[in-house]
Amino acid sequence: MSDTTTAPLTAKDFATDQEVRWCPGCGDYSILKQVQTVLPTLDIPKENIVIISGIGCSSRFPYYMNTYGMHSIHGRAPAVASGLKMTRPELSVWIVTGDGDALSIGGNHIIHLLRRNIDVQVLLFNNQIYGLTKGQYSPTSETNKVTKSTPFGSIDNPFNPAALALGADTTFFARSMDRDPKHLQAMLRRSEGHKGSALLEVYQNCNIFNDGAFGMMTDKKTKAGVTLMLEHGKPLVFGAELEKGIRLDGLNPQIVNRADYSDEDLWIHDEQDLAKAQLLARFFDDPREEGALPRPFGVLYAIEKPTYEKQLNDQIELAKEQKGLGDLNELIAGTETWEVK
Amino acid sequence: MAQPIEIVEEVIIKFAGDSGDGIQLAGSQFTNNTALTGSDLSTFPDFPAEIRAPLGTLAGVSGFQLRFSSNEIYTPGDACDVLVAMNAAALKSNLNHIKKSGIIILNTDGFDAKNLRLANYQDDENPLDNDSLAAYNVHKIDVTKLTREALKESSLGVKEKDRAKNMFVLGYLYWMYDRKMDTTQRFLTSKFGKKPEVLEANMQALQAGFNFGITVEASASRYRVQKAQLPKGTYRNIQGNTALSYGLITAAQKANIDLFLGSYPITPASDILHELSKHKNFGVTTFQAEDEIAAVSSAIGASYGGKLGITTTSGPGMALKAEAMGLAAMLEIPLVVIDIQRGGPSTGLPTKTEQSDLLQAFYGRNGECPLPIVATSSPSDCFETAIEACRIALRHMTPVILLSDGYIANGAEPWKFPNADSIPALETKLVNNIENIEEYLPYLRDKNLVRSWAIPGMKNLEHRVGGLEKEDISGNVSYDPNNHEHMVKTRQAKIDKIANFIPKVEFIHGDASDDVLVLGWGSTYGVSYSAVEKLRAENKKVAQIHLRHIQPFASNVEEILNSFETVILPELNNGQLSKIIQGTFNKEVIPYNKIKGVPITSNELFEFISTKCT
Ligand code: SF4
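Protein chains in written order, with numbering that gives the first Met the number 0: chain A, 0 to 340; chain B, 0 to 613.
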């Protein structure tokens with residue numbers, strides 16, 4: 000046992016003996032692997048890591064991680080995690096959730112978590128479908144989707160998680176994908192490093208019920224043309240040869256040929272610019288459409304704001320300082336008492 | 000020329016007026032003042048659901064009943080000796096509630112044509128002018144005019160001046176009952192210290208009311224109620240929700256862990272959230288969540304992290320929390336769910352009392368999900384019951400439901416409070432010998448079937464918990480049929496075993512040799528006590544027991560029930576405990592049910608029990 004306490008941790012230390020029960024080929028495997036790869040490098044004692052999930056395919060995640068973990072109930076992981084992080088701020092708390100869990104049944108909790116800015120990481124596995132219940136459309140499914148519950152095509156408009164998160168005043172939003180391990184690892188690190196609520200949306204392929212939902216964005220052949228890899232302080236460029244750029248004409252983003260513009264005239268990514276983040280969040284076109292804006296990946300938005308639990312615990316400390324540690328006898332007696340002799 | 004002061008045994012006063020008239024404030028001020036005189040007391044605030052119900056209407060009448068006595072009392076009483084009616088509606092809705100020859104203090108300004116119409120008086124009918132009040136001793140006072148008169152120097156607007164009317168009435172009552180006004184003066188100073196003009200106006204109105212008694216109504220009688228011969232000790236006045244909050248803080252301190260409250264505002268439970276929020280220096284964290292489900296879930300998160308997680312609510316909120324309570328039962332972690340019951344179903348009667356969530360507490364979750372249930376029986380009893388709920392939750396690693404109700408929550412009584420040092424420590428199941436553990440087995444149980452509590456941060460004890468059925472001992476997910484049945488039965492047996500840790504029920508009146516047993520739970524304690532006491536004074540062989548633990552029952556409940564042929568069970572519901580008793584012990588009881596949003600009166604119950612005594 001003494002060995003494990005001194006040797007640096009590896010991905011293996013974070014794996015459990017439980018058989019992983021996702022469908023073969025599911026994108027969840029890659030995400031699990033990247034998390035197990037990144038966590039040992041973060042310099043966080045393993046016993047201080049807690050993973051809390053709701054219900055759905057993705058929410059089986061804690062069972063496969065040799066950390067503390069809770070597989071809670073549908074949609075409520077953010078609320079459970081909030082109670083934990085508030086009272087145990089030293090812990091590294093991760094929420095693993097899916098599009099149905101976070102944005103449908105748990106929609107109320109996710110927005111309140113973000114507005115409060117509790118310092119947790121939310122890994123939102125977005126596969127645009129209900130997997131565990133066997134293939135109904137989800138709140139992020141595109142309209143006209145034909146599923147078991149929508150044989151004539153869905154008529155719901157999908158949520159745009161980035162816009163929703165920014166609307167809830169998130170302090171961090173990033174997007175990545177299961178098929179790009181290096182990028183996903185980098186985004187996991189950024190999320191963990193962010194002081195405050197960090198929402199990381201991961202496009203995840205459900206090869207059973209919604210195979211290829213993000214195909215154009217993840218497929219090597221098409222990826223470069225329809226995705227935009229963001230880097231802070233760098234111009235927005237994309238394309239197989241990075242030959243295209245985005246330029247802002249007033250509030251209108253335009254796709255331009257890089258050959259026609261100097262890089263300084265392109266849109267330079269600034270993670271801390273809310274107005275620009277809001278425009279980026281609206282890069283939500285169907286990649287198959289002619290002239291579609293590329294889908295941004297990376298950190299769309301990241302700002303520093305005091306966290307909820309810091310302010311909360313400051314209030315508690317201040318109260319102790321000003322009033323002194325509570326005295327039970329004083330509390331119970333109150334100010335007006337009388338004697339019966 | 001001072002009036003002689005008449006000594007009376009007890010007085011029941013009811014303050015009644017528009018919900019904007021400051022009735023609750025005047026009532027609670029008079030109560031706090033009364034407490035310090037050493038009389039025993041009991042209160043019953045009764046208000047409409049709307050914060051500012053339509054002015055002047057019968058539906059908008061807010062009431063506060065106070066009974067104080069030189070004897071020990073257990074209820075706020077039935078008919079009043081004194082009614083303070085701020086308007087026509089207040090008079091009309093309470094007239095059948097006052098003793099003949101009782102005193103009625105009327106604010107004449109509240110009886111103009113409009114007020115009379117709103118109170119549904121017939122055209123030309125004005126109770127001030129006809130002889131409909133001839134049987135009473137009526138003090139007509141134009142409170143509005145006199146208050147404005149007293150405040151004529153104040154620069155406040157008329158509307159603001161009129162808000163001090165309740166202080167004028169209060170001052171008058173202080174004169175009538177021969178009181179010092181210092182408690183209210185101190186209260187006003189702390190409440191309005193930052194608004195000197197408002198403070199001044201309230202102080203002046205209070206004094207003006209008192210002086211009015213001296214000068215104008217000098218012919219009226221004055222009264223004094225002597226101290227009650229309560230058991231020796233130091234007392235304070237306490238409301239149910241306050242005592243409950245203190246109990247929770249005490250429990251956490253005694254368990255040496257921090258208290259976390261996750262709550263969503265709901266009547267009549269919100270006062271616990273307010274009270275606990277004040278006591279951060281006890282390491283208390285309060286969290287006003289986005290909804291009832293987040294409230295309980297956050298408490299589960301805190302408990303998972305090693306804190307004492309609490310959630311407070313009323314019936315509709317507990318319904319929303321049901322799934323999460325099931326999760327906590329599966330996780331087997333401590334959690335206390337406090338339900339301050341009110342009239343239901345649905346939104347029901349938010350400000351009225353009822354005991355109708357008992358079956359919800361018993362059965363209101365999916366799957367086989369037994370949870371311990373404790374019930375509090377009076378405002379001061381909330382303190383001990385809260386500690387008891389926490390004790391069971393921590394000792395037995397289970398969510399516990401604590402049932403109180405609106406009547407207890409808002410009611411007040413003198414409390415001979417304990418010395419905190421004499422309260423025993425609360426045991427927890429926190430793992431404390433981490434180094435000696437080779438492989439942590441989260442669902443390994445002690446002989447009481449209770450598992451241990453390893454929390455994040457404990458090295459080498461990393462493990463996963465969740466809502467899926469788990470394998471015995473290891474806690475790994477398991478769909479094995481035999482394991483599931485075993486786990487269901489184990490969770491039930493764990494709750495049943497708590498019976499070994501709770502005190503036996505003791506008779507409050509009488510014993511097993513009596514003919515009739517009055518069995519109760521919750522807020523019927525006081526009324527049962529009074530009714531049984533009166534019957535016994537008439538040599539009727541009636542005994543009383545009252546349950547704090549409803550799941551599991553104390554080990555001797557069945558034996559007691561079986562030693563009586565006649566068991567009467569009064570409840571503010573349609574017979575919920577009756578059903579449980581019949582189901583559990585196969586024992587027929589005679590239910591006495593009232594479902595009107597108000598407590599049972601001792602006369603009603605007395606009459607009912609009398610018919611069952613041979
Ligand atoms: S149903 Fe889809 S999301 Fe769920 S495990 Fe299978 S492939 Fe993955």
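Please keep in mind that the hints were generated in silico from the structure rather than gathered at the bench.
Among the hints, a few may not be true.
Stated by the list, open to error - Derived pair list, reagent style DSBU-like, types lysine-lysine, alpha-carbon separation capped at 30 Å: (1) A:322 to B:496; (2) B:496 to A:319; (3) B:595 to B:91; (4) A:340 to B:179; (5) A:194 to B:533; (6) B:194 to A:322; (7) A:181 to A:220; (8) A:45 to A:32; (9) A:220 to A:233; (10) B:611 to B:496; (11) B:458 to A:45; (12) A:340 to B:533; (13) A:340 to B:226; (14) A:32 to A:340; (15) B:578 to A:322; (16) A:319 to B:194; (17) A:340 to B:144; (18) B:253 to A:309; (19) A:309 to B:277; (20) B:277 to B:253; (21) A:319 to B:428; (22) B:158 to B:139; (23) B:144 to B:98; (24) B:190 to A:322; (25) B:158 to B:194; (26) B:277 to A:304; (27) A:319 to B:91; (28) A:45 to B:428; (29) B:194 to A:340; (30) A:194 to B:458; (31) B:98 to B:611; (32) B:253 to A:322; (33) B:428 to A:309; (34) A:233 to A:194; (35) A:32 to B:458.
Unchecked claim - So these bits of chain B aren't anywhere near chain A, every CB distance computed over 10 Å: (36) 31; (37) 154; (38) 315; (39) 322; (40) 538.
We treat Cβ as the ideally placed atom computed from N, Cα and C, and that holds for glycine.
Given the hinted pair residue 319 of chain A and residue 194 of chain B, is their Cα-Cα distance within 30 Å? 28 Å, holds
Straight-line Cα separation of residue 340 of chain A and residue 179 of chain B no greater than 30 Å? This hinted pair holds, its Cα atoms lying about 22 Å apart.
With d taken as the least Cβ-Cβ distance between residue 31 of chain B and chain A, does d exceed 10 Å? 7 Å, violated
Please verify whether residue 45 of chain A and residue 428 of chain B have alpha carbons no more than 30 Å apart. 23 Å, holds
What's the verdict on residue 233 of chain A and residue 194 of chain A, does the C-alpha distance respect the 30 Å limit or exceed it? Given pair residue 233 of chain A, residue 194 of chain A holds - Cα atoms ~23 Å apart, limit 30 Å.
Holds or violated: are the alpha carbons of residue 340 of chain A and residue 144 of chain B at most 30 Å from each other? 45 Å, violated
Restraint check for residue 32 of chain A with residue 340 of chain A, where alpha carbons must lie at most 30 Å apart: 73 Å, violated
Please verify whether residue 158 of chain B and residue 194 of chain B have alpha carbons no more than 30 Å apart. 16 Å, holds
Hey, residue 194 of chain A versus residue 533 of chain B, does the alpha-carbon distance stay inside 30 Å? Distance of about 66 Å is beyond 30 Å: violated.
Residue 319 of chain A and residue 91 of chain B were given as a pair; does the straight-line alpha-carbon distance stay at or below 30 Å? At roughly 51 Å apart (the allowed maximum being 30 Å), residue 91 of chain B and residue 319 of chain A break the hint.
Taking only the CA atoms, is the gap from residue 253 of chain B to residue 309 of chain A under or equal to 30 Å? Cα-Cα ~26 Å, so holds.
Restraint status (C-alpha distance of residue 45 of chain A to residue 32 of chain A at most 30 Å): 16 Å, holds
The structure is inconsistent with the numbered hints 1, 2, 5, 10, 14, 15, 17, 27, 29, 36, 39, although it conforms to all the rest.
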